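The primary structure of each chain is shown beneath.
Number of protein chains: 4
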Amino acid sequence: MTDVQCVLDEITAEIQASPPSGDVADYIPGLEKVDPNQFGISVAMTSGETYSAGDSATDFSIQSISKVFTLGLVMGLDGDNLWDRVSREPSGTPFNSLVQLEQERGIPRNPFINAGALVVTDRLLSITGDSQASLEGLLRTESSNHAIKVSESIAAGEKATGHRNASLAYFLSSYCNLTNPVPKVLDAYFRQCAIAMSCEDLARAGSFLSRGGTGRGGRMVLTPDQVRKLNAVMLTCGTYDAAGDFAYRVGLPCKSGVGGGILAVVPGKCAVGVWGPKLDKSGNSSAGVAALAKLTSRIGWSIF
Amino acid sequence: MTDVQCVLDEITAEIQASPPSGDVADYIPGLEKVDPNQFGISVAMTSGETYSAGDSATDFSIQSISKVFTLGLVMGLDGDNLWDRVSREPSGTPFNSLVQLEQERGIPRNPFINAGALVVTDRLLSITGDSQASLEGLLRTESSNHAIKVSESIAAGEKATGHRNASLAYFLSSYCNLTNPVPKVLDAYFRQCAIAMSCEDLARAGSFLSRGGTGRGGRMVLTPDQVRKLNAVMLTCGTYDAAGDFAYRVGLPCKSGVGGGILAVVPGKCAVGVWGPKLDKSGNSSAGVAALAKLTSRIGWSIF
Amino acid sequence: MTDVQCVLDEITAEIQASPPSGDVADYIPGLEKVDPNQFGISVAMTSGETYSAGDSATDFSIQSISKVFTLGLVMGLDGDNLWDRVSREPSGTPFNSLVQLEQERGIPRNPFINAGALVVTDRLLSITGDSQASLEGLLRTESSNHAIKVSESIAAGEKATGHRNASLAYFLSSYCNLTNPVPKVLDAYFRQCAIAMSCEDLARAGSFLSRGGTGRGGRMVLTPDQVRKLNAVMLTCGTYDAAGDFAYRVGLPCKSGVGGGILAVVPGKCAVGVWGPKLDKSGNSSAGVAALAKLTSRIGWSIF
Amino acid sequence: MTDVQCVLDEITAEIQASPPSGDVADYIPGLEKVDPNQFGISVAMTSGETYSAGDSATDFSIQSISKVFTLGLVMGLDGDNLWDRVSREPSGTPFNSLVQLEQERGIPRNPFINAGALVVTDRLLSITGDSQASLEGLLRTESSNHAIKVSESIAAGEKATGHRNASLAYFLSSYCNLTNPVPKVLDAYFRQCAIAMSCEDLARAGSFLSRGGTGRGGRMVLTPDQVRKLNAVMLTCGTYDAAGDFAYRVGLPCKSGVGGGILAVVPGKCAVGVWGPKLDKSGNSSAGVAALAKLTSRIGWSIF
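Residue numbers (the working numbering), protein chains in the order written: chain A, 961 to 1264; chain B, 961 to 1264; chain C, 961 to 1264; chain D, 961 to 1264.
For reference, chain A alone in the conformation it holds in the complex (with noise of 0.2 Å):
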């Protein structure tokens, strides 16, 4: 398992070394200020040992990889029920998105996109009544780091620039696919997006992705079957328009972030938490691709 180690820290520094191009996300204040050069990497076995290079240690804002643990607590606590308000299809374009929730009368094509995550959030508002604190109460137990939380700065900053989420929501909710007031769904959505954590951080909280469900201590998050979905929905969709290109060139389940944080999941394996800022034009970190792209070559992690 050395092995591990030294291809971390291999690609660490071939990646310091030429860093890949791409911008900083700036849409969202607070994101922009964030040293564009940075680089971690870690991965959680499922033995338990945790290998780890560079900036792996810096918290960043997870953003839409915080998706993939409300997708799972809904999957969690309420079976298949989710599936008649939301499908899981791959959505095409960007361009698509909201022609589809038209022409679909409202059902999102899957719940990563972002009127996807509105009714997932939605759903787990109505279920837990506190939607944060289940989904801060998963990334802490399962990343053993109780101090995860929600950057107040970059909250605020979704929030002051999130209309084009609004306009999703009151979208979602003329076509009666979300059931709590628009302002609370936005609010609980806003402040998922905006919790911080570290590349170490991530890869344990998603270990039990890598485990067919198993968490820390041995509790049960998912039977193995709900995480074969679940990682099969994020092959599918979990990397913006990307999906057919991660497919091919990564070959692992994945779920990205605009904060430029990567989830991966070897089945049996491993989950892996990569971070780097700048994005492709696809939204999704430049130099996090390009290191799962060496780490499954030269580990031969690929599912495929």
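Source of the hints: derived by calculation from the structure; they are not laboratory data.
The model shown is predicted, which means the values in this text are computed figures rather than measured ones.
Built from N, CA and C at the ideal position, the CB exists for glycine as well.
Just so you know, not all the hints are guaranteed correct.
Interface residues of chain C toward chain A, partial, derived using beta-carbon atoms under 10 Å [as the list claims (entries may be wrong)]:
id	residue
1	1043
2	1116
3	1117
4	1121
5	1122
6	1123
7	1124
8	1127
9	1128
10	1130
11	1131
12	1132
13	1134
14	1139
15	1140
16	1142
In silico DSS-like cross-links for lysine-lysine, where the CA-CA straight-line distance does not exceed 30 Å [as the list claims (entries may be wrong)]:
id	chain 1	residue 1	chain 2	residue 2
17	C	1241	B	1241
18	B	1119	B	1144
19	A	1109	A	1119
20	A	1254	A	1229
21	C	1254	D	1229
22	D	1254	B	1144
23	D	1119	C	1229
24	C	1144	A	1144
With chain A's structure known, arrange chains B, C and D on it following the hints.
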């Protein structure tokens, strides 16, 4: 390994006891003449054994399953050059295909939608001079069945009713994304789709995809990296507009055809050929999808 | 001119004898309470006489007809500046509105679709400080009916069910195409739509459009050139997605509302207010369209 | 009436003094050979006089203007039957044409987009057996110029580069909305577009549209009601995707062609033929639009 045979027998008995609903494709003259309740399945292990049940020796029209093999041939002969002319993203909804083809200036979304497959055929024609001979050569060698051939009546039916494909081909041509004359490309395309094979042939012909690219007699059909990539494209784009649902329910790279066949790949383990003529609303074999879902859940063959 | 009265009586008798089919709009609470078989028509000649028949003195909710008057006010106060923020092309299909708004980066296709009318209201708010007072002032002065006012129950119903419009407004705001706060624009918009008027009021209020812009008492509401342009926008964009069919069948600039009213203009001759609550599938008054088609074919008032 | 001649001379001098910008169409071989700064205009009064200025006697390729005449022929011969196969709504954006054709199951949005015109040609072929002879007969009779004919070099160029139109025709055929063989329809369509005429020919040939359907020598080409309807379709659909802007700026029913010609109708007064090869970004003649806007504002010929 008798396990596999038992599971196949069990699944076949269940499918025969309660045949899934759906309709046989009737838009290509000839396809509709098939007995709708036939069902066959074959599993070709990497070790060489083949397990079969039901009508696994009956020939059917492979239709779009041929696209896996033409894509494999082009990837093997031409490396990554193809990707300048075809993307590899899921297509979203059926409605999108033409829209996106127009929006994306004649670059098809992926090599498995008809527009993309026409470009693959065009490329294979240019490289080999005789795309049909190359394709039949690959299928015959890998399946060890030298009797595999085109159904002339189906090929004639494809041609007589192929106005939609003709429209696509002229559209591609208007964007200079075909290099051979349109009628020549269409003719080659129609003949590929009209090839007849059995489940046993199909499982064997596709087994190089589960053996890291190694074909019959140890020859290299594709490199391990190319096979991983081809499998990734199958998973994200291989089942029309149901790729997300397929990944969720079946969890394997698959390519389906409107003749009711499906080729599935379990990397490192086996290739599966399954066939039932009735199609679900996405155009995939109802019995085939049901059988594959049973197979992966009982043997645990999901890649996730 | 008794001709006109005869034709109106004749048409009203025919409409009452065989009321057209269709449904009363019910998505705004209050609208559905209207007696569906009412019908009224008024013609205000440029010379000053008004001819009426049926329920021409009964108030109804003008809804989108208000958009002609807010657009007229903005054109009069602000010249051509508006056209940087709104296009003036027909919108194609309902499905297109949001797509096109996204494709065209937040520039609505025309000032009569809801997105466009929200921008017009936003501009009127910015110029006048009180868009509602300006609008009511214009309607009261031109109709000589100072009792015209908002139906508070309809306004409350608009607000309670206006999630789709809220979605549009936040969407425009995400493209920086609203300058006032979204709730303020929405409130002004809902109140405009909730104004109640009769056919007689409507025909008189709109008669400056048939008099080259000259309003009550000879004052210039718009220049002749501005009126020609406003009439052109009405003809190409005034009847939702049925502009082509309306031009074909009626041949006059018209603006309809889901309250069942239509304002039509015969340049140089008269303005027509017509009302019948049942709507056809495009959202235009069935009786109104039928009456206008009869009117233009019997009196020969088509502009073509 | 000398007024008209003065205005035409004045406009021509202005256009020649500062030629509008734009590019000559070059996608059809032959069109690009035209001197880009030519300009001609002719006005054929209902009373019979024709006023002309500039290069009004020079032949140009009428291209899509032919669609007015084929539609007129079909309306005259076949009444309203055509409207089962073609709608009459503006098409929104260029991007929509194919989308909408797919969404609306092969029913083109209007008879002036290429798909719709192919259906009109198909119908004219079925009714007359020789659509080209009918069209040329109409144009020659109404213009009194029996030398009007097809440019064979342009027709050959249309055919050689007509892959996009071939695609549309096969697409229509796949929806059974063509009854003649695709190559026959395409051939007829290409020849119609390749007809060469001068502004004088065009104004005279179209003057029945300004005379309520009465053609040369008093014969009835169309009924007054049919002409009103044809003019309405021209206004809402005649200038590609710029119908709203055209109505706003010019205020007349018009049909344009990529050869740089425009036919405009002033009901009851005259028909106008205008030509300048440079096109604006919507594909309409820059000089033609400018000249028509000047003409209507100076003589007050807007229908609004």
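Results for each hint:
1. A cut of 10 Å between beta carbons decides the hint on residue 1043 of chain C: the least distance to chain A is about 23 Å, and the hint is violated.
2. Nearest Cβ of chain A to the Cβ of residue 1116 of chain C: about 18 Å, over the 10 Å cut. The hint is violated.
3. Taking 10 Å as the C-beta contact cut-off toward chain A, the hint placing residue 1117 of chain C at the interface is violated, the least distance being around 15 Å.
4. A cut of 10 Å between beta carbons decides the hint on residue 1121 of chain C: the least distance to chain A is about 8 Å, and the hint holds.
5. For residue 1122 of chain C, the shortest C-beta to C-beta distance to chain A is roughly 9 Å, which falls under 10 Å, so the interface hint holds.
6. Given the 10 Å rule on beta carbons, the hint for residue 1123 of chain C holds: about 4 Å separates it from the nearest Cβ of chain A.
7. Hint on residue 1124 of chain C holds. Least Cβ distance to chain A is approximately 4 Å, under the 10 Å limit.
8. At its closest, the beta carbon of residue 1127 of chain C sits 4 Å from a beta carbon of chain A; the interface hint therefore holds under the 10 Å criterion.
9. Proximity of residue 1128 of chain C to chain A holds as hinted, the smallest CB-CB distance being about 7 Å (cut-off 10 Å).
10. A hinted interface residue such as residue 1130 of chain C counts as satisfied when its beta carbon comes closer than 10 Å to some beta carbon of chain A; here the least separation is about 4 Å, so the hint holds.
11. The criterion of a C-beta within 10 Å of any C-beta in chain A is met by residue 1131 of chain C, whose closest approach is roughly 4 Å, and the hint holds.
12. Interface restraint check for residue 1132 of chain C: the shortest CB-CB distance to chain A comes to about 8 Å, inside 10 Å, so the restraint holds.
13. Checking residue 1134 of chain C against chain A by beta carbon gives a least distance of about 4 Å; that is within 10 Å, so the hint holds.
14. Interface restraint check for residue 1139 of chain C: the shortest CB-CB distance to chain A comes to about 13 Å, outside 10 Å, so the restraint is violated.
15. The restraint placing residue 1140 of chain C at the interface with chain A is violated, with a minimum CB-CB distance near 13 Å, outside the 10 Å limit.
16. The closest approach between the C-beta of residue 1142 of chain C and any C-beta of chain A is roughly 8 Å, which is under the 10 Å cut-off, so the hint is satisfied.
17. Distance restraint check for residue 1241 of chain C and residue 1241 of chain B: the Cα-Cα separation of roughly 28 Å lies within the 30 Å cut-off, and the hinted pair is therefore satisfied.
18. Between residue 1119 of chain B and residue 1144 of chain B, the direct Cα distance comes to roughly 12 Å. Compliance with the 30 Å bound is thereby established for this hinted pair.
19. Restraint check for residue 1109 of chain A and residue 1119 of chain A: the C-alpha separation of about 17 Å stays at or below 30 Å, so the hint holds.
20. For the hint pairing residue 1254 of chain A with residue 1229 of chain A, the CA-to-CA distance comes to about 17 Å; that is within 30 Å, so the pair holds.
21. Between residue 1254 of chain C and residue 1229 of chain D the CA atoms are separated by roughly 25 Å; this keeps the pair inside 30 Å, and the hint holds.
22. Proposed proximity of residue 1254 of chain D and residue 1144 of chain B is contradicted: the alpha carbons are some 53 Å apart, above 30 Å.
23. This hinted pair does not check out: residue 1119 of chain D and residue 1229 of chain C have alpha carbons roughly 50 Å apart, beyond 30 Å.
24. Taken as a hint, the residue 1144 of chain C and residue 1144 of chain A pair is honoured in the structure, with Cα atoms around 20 Å apart against an allowance of 30 Å.
Taken one by one, the earlier hints fail for this structure at numbers 1, 2, 3, 14, 15, 22 and 23, listed in ascending order.
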